[in-house]
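**Q** For the protein sequence lines, the chains are Y and Z, in the order given.
Under my numbering, the first residue of the first sequence is numbered 1, with each subsequent residue one higher.
Under my numbering, the first residue of the second sequence is numbered 1, with each subsequent residue one higher.
Just so you know, the hints here were simulated from the structure itself, not pulled from any lab data.
A quick note: this is a predicted structure, and the numbers were derived from the prediction, not measured.
Glycine included, each C-beta is placed from N, C-alpha and C at the ideal position.
Do not rely on the hints blindly, as some may be mistaken.
To be verified - Quick list of in silico lysine to any residue cross-link-like pairs, SDA-like style, CA-CA up to 25 angstroms:
1. Y:477 x Z:157
2. Y:477 x Z:8
3. Y:477 x Z:89
4. Y:477 x Z:15
5. Z:132 x Y:439
6. Y:477 x Z:87
7. Z:132 x Y:470
8. Y:477 x Z:134
9. Z:132 x Y:195
10. Y:477 x Z:119
11. Y:477 x Z:90
12. Y:477 x Z:11
13. Z:132 x Y:429
14. Z:132 x Y:419
What the hints assert, rightly or not - Beyond 10 angstroms from chain Z on every Cβ pair, some chain Y residues (computed):
15. 230
16. 342
17. 355
18. 408
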Amino acid sequence: MSPEGNAAVSLRDETVDGVWRRVHPASPFVRGWVALAAVGYFFGRDAFERVLQGREFVDPNLNSRAPWLLAGGAVLLLLTVGGFILSWYFTRYQVAEGYVRVNTGFLFKQQRQARLDRVQAIDIVQPLLARIFGLAELKFEVADAGESAVRLAYLPLDQAKQLRATILARAAGVVSGPEAAGEEVPEAPEHVVLSVPPGRLIGSLLLSEQTVGILLGAAAAVGVSVLMDNQAIYLALIPAILGIGAAYWSSFNKGYNFTAAISPDGIRLRYGLLDTQAQTLPPGRIQAVMVAQPPIWRIFGWYRMHVNVAGYGAAGTEGAARTMLLPVGLKPDVMRMMSLVLPDPGVDDPERVFTAGLTGLAAGGRSAGPSDDGFVVTPRRARLLAPLGWRRNGFFATRTALLIRSGRWWRTLVVVPHQRTQSMALHQGPLARRFRVADLVLHTTAGPVSPRVFQAGVEQAVELFDQQAARAREARKRQTSEQWLAQVAPQAPEVAAAAQPQLGHSEQFPSPLQQEDRQDG
Amino acid sequence: MPTAAIDPPGVQWLRVSPKYVTVRLVEWAIGNVLLLVVLSLPLLCVLLGWWRWPPLWLAVTVPAVVLVLALWRLVLIPRQVRAIGYAERDDDLLIRRGIFFQRTMVVPYGRMQYVDVAVGPVERSLGLCTLKLHTASAGTNAHLPGLPAEEGARLREQLSARGEARLAGL
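Build out the structure end to end from the sequences listed, making use of the hints.
**A** The following block contains the structure:
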């Protein structure tokens with residue numbers, strides 16, 4: 001790989017701004033290695049087997065057998081490699097004037113540009129093979145649920161990090177004038193907030209809903225085989241077991257070495273055993289957060305967190321796996337992550353409020369009001385409608401966010417910042433009308449979190465509906481700019497722009513405890 | 001106006017055109033007449049003695065139940081249309097609908113990504129249109145059917161202008 005390494009060095013010497021650059025020349029091969037391996041396997045197997053059997057490498061009957069086949073193989077290989085080289089040659093990218101632009105394709109050309117200040121998230125992904133070669137893929141997400149707006153595969157790792165820092169700095173509004181062009185943007189320092197020990201991750205997987213489902217399924221299978229006196233049913237289970245093993249492996253691979261850090265650029269998440277990922281969520285890009293606790297996790301007090309981010313898209317799309325904010329963590333971890341997502345909780349005693357949101361249960365007595373530690377819960381009259389959840393279902397509006405808790409066994413707490421609410425709807429079916437309750441649904445961008453206040457009393461629900469509309473309006477007015485650092489000092493843009501390279505990247509954390517770069521070992 | 005327990009207080013609802021009932025009736029007829037014809041085929045075959053299965057009671061019951069449900073929905077259509085309402089407030093648009101399953105929705109102007117006006121063949125012949133609002137959330141299923149064409153155009157312009165004035169990102 002040394003020639004490619006040299007090429008990369010020569011690319012790095014150019015300035016960052018305005019220059020059209022290419023991805024690493026090895027990238028088509030790293031991306032398309034399956035095709036190459038398939039061609040190689042198909043035509044090399046024969047020779048390999050002969051060598052194994054102690055015969056000569058070239059088939060002695062080659063002339064009589066199939067020279068055409070071999071020629072065809074060579075042509076196929078040449079075409080593939082040629083295609084790879086062409087696709088590499090015609091893929092170019094540029095970061096300039098507030099845009100990132102990517103041109104691809106030689107027969108069907110595509111030019112794409114995305115506004116930097118519209119960045120919703122930026123990820124550096126390293127599949128195993130790319131990691132071996134020190135390469136990384138950069139994904140740039142905008143609010144267009146589904147596929148990444150810009151993917152640059154592959155860049156040398158340090159170049160990818162450099163590009164990420166540049167993009168984030170521009171998006172934050174740090175570098176604005178043309179005089180700043182060309183200078184290297186230092187990567188923002190970061191402060192590691194928490195990491196998940198592998199033991200806890202394994203434990204959480206073993207105690208997950210998945211395991212319960214598997215045990216139930218296994219019990220059913222054993223029961224059926226006993227009843228039907230048929231052993232063959234175990235054979236039918238083999239594919240299922242393989243599938244389950246793969247699912248566990250992928251969860252483990254994804255959650256391994258999970259580290260969350262905070263930097264002025266936003267929240268940094270890193271994880272992965274073989275394939276590693278480093279996600280960056282700039283401030284204010286998280287649309288909704290969910291903290292959930294499956295029933296068995298309650299023994300150890302574990303929680304998991306998911307987020308809605310506009311660029312990651314709905315479940316089932318490519319980005320869906322990246323919506324995990326915390327695979328498993330204790331309550332202090334949850335609180336810490338929550339403080340990153342929602343720096344200003346908008347209440348005086350966030351600890352108590354969030355604890356009530358996570359585990360609280362209103363008193364069930366006849367005299368108790370529909371309130372528990374500030375959470376407005378389902379009124380007592382609707383206890384038949386929600387026999388388990390009525391003491392748990394509730395909401396609490398702080399100055400900055402709406403907290404929604406639900407689930408007696410399956411505890412969840414959903415947090416939606418006020419300025420992130422898209423629209424809202426009150427729902428009331430005939431049964432709910434009979435009990436004078438209503439559901440309030442908050443609409444956020446596509447993702448795993450779907451905030452819904454279950455069975456609130458009609459008066460409280462309507463009041464919340466009205467107030468929430470006003471609160472969202474107020475919060476949006478305060479949020480003036482997409483450029484999160486420009487927001488801090490909107491009065492004096494020139495001064496801010498001049499002063500912010502330092503401010504944005506070091507002063508936010510005057511004494512970063514851990515500045516070491518733990519990127520993707 | 002049916003029960004409005006979940007409507008915010010003090011809102012003056014604007015109603016959609018009563019002609020929208022016709023649109024709903026046509027939709028109802030197309031859907032249900034076809035379904036009924038298909039479901040009545042076994043009854044016909046049994047009555048003519050071509051089929052021995054299904055038994056007569058089943059062949060009668062299935063279309064009968066479907067017919068009753070369809071008629072029930074038919075009776076509800078005028079009330080459902082009357083239950084659709086919208087109100088322009090200073091900063092957001094309210095949309096309500098439904099009698100049994102009521103829904104009241106608020107869409108802030110600053111959150112609108114784009115506004116659609118769609119016209120189907122039946123709507124066109126009656127001079128109506130359907131307004132659809134899109135926010136960044138797929139959950140915002142805000143459509144307002146049965147608006148007179150000029151009201152739809154006015155609303156579209158109004159919403160776009162107000163959206164621009166209050167535009168916020170995500």
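**Q** All hints are to be evaluated individually against the structure, with a verdict given for each.
**A** Status of the hints after comparison with the structure:
no. : hint          : in the structure
1   : Y:477 x Z:157 : 23 angstroms, holds
2   : Y:477 x Z:8   : 23 angstroms, holds
3   : Y:477 x Z:89  : 17 angstroms, holds
4   : Y:477 x Z:15  : 31 angstroms, violated
5   : Z:132 x Y:439 : 23 angstroms, holds
6   : Y:477 x Z:87  : 22 angstroms, holds
7   : Z:132 x Y:470 : 23 angstroms, holds
8   : Y:477 x Z:134 : 21 angstroms, holds
9   : Z:132 x Y:195 : 45 angstroms, violated
10  : Y:477 x Z:119 : 35 angstroms, violated
11  : Y:477 x Z:90  : 14 angstroms, holds
12  : Y:477 x Z:11  : 24 angstroms, holds
13  : Z:132 x Y:429 : 24 angstroms, holds
14  : Z:132 x Y:419 : 23 angstroms, holds
15  : 230           : 33 angstroms, holds
16  : 342           : 16 angstroms, holds
17  : 355           : 29 angstroms, holds
18  : 408           : 25 angstroms, holds
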